[in-house]
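Order-wise, the sequence lines are chains A and B. Mapping of the first sequence onto my numbering: residues 343 to 455, in sequence order. Mapping of the second sequence onto my numbering: residues 145 to 257, in sequence order.
Capping the alpha-carbon separation at 20 Å, the derived lysine to any residue pairs in SDA-like fashion look like this: (1) A:K398 with B:T245; (2) B:K201 with A:T441; (3) A:K402 with B:T245.
Because the hints were derived from the structure by calculation, they are not lab data.
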Amino acid sequence: GNSVTQMEGPVTLSEEAFLTINCTYTATGYPSLFWYVQYPGEGLQLLLKATKADDKGSNKGFEATYRKETTSFHLEKGSVQVSDSAVYFCALRVLWGNTPLVFGKGTRLSVIA
Amino acid sequence: AAGVIQSPRHLIKEKRETATLKCYPIPRHDTVYWYQQGPGQDPQFLISFYEKMQSDKGSIPDRFSAQQFSDYHSELNMSSLELGDSALYFCASSLIAGQETQYFGPGTRLLVL
Chain A
343 GNSVTQMEGP VTLSEEAFLT INCTYTATGY PSLFWYVQYP GEGLQLLLKA
393 TKADDKGSNK GFEATYRKET TSFHLEKGSV QVSDSAVYFC ALRVLWGNTP
443 LVFGKGTRLS VIA
Chain B
145 AAGVIQSPRH LIKEKRETAT LKCYPIPRHD TVYWYQQGPG QDPQFLISFY
195 EKMQSDKGSI PDRFSAQQFS DYHSELNMSS LELGDSALYF CASSLIAGQE
245 TQYFGPGTRL LVL
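Next up, chain A with everything else stripped away, as it sits in the complex:
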């Protein structure tokens, strides 16, 4: 089946530190990969995506590269801010028709000043 495994949190970093949140996946076929972010008390927002191997998704200073050989889609940011504190979900979707997203368990990030 399809599944996503991401590193457990919580992750606590100081402002301007480097962030990596690991995400690996198992999928039948060739999935699209996503990172969604959930700020406290809010819904899910798409952060970035990649649809094929070696694609790099980027947004708001965050990046993730679709690595087919390691079945990974790690999220990185060079310098985090307090406003980045949120829960980050890695997700995949196998592309035929309108299949649902499969989410990882989420990683809570806290950035302290």
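Guided by the hints, dock chain B onto chain A, whose structure is given.
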């Protein structure tokens, strides 16, 4: 840009009562998905509709039903509510013909007492 609209945003019900959640997708999106997110959990797929027909089914209890109407809005009907149904319910929409990205609404927070 228009986003996914969900109503109500908050709902409090007693055990064994019924609840109806509504979702209005992004204009021209033809696919709607429902997800349930328990406290501290990742979103779990419940059910989806494409062009008013059910297209996929996940872990939706038999006590729940859903449909998509001619104007593409969707309703999730929940009966015989249990304490464990307390969760955040997300609706997402996508355009099957073009994008694989699902855009999420802000969610309905349901509390069953």
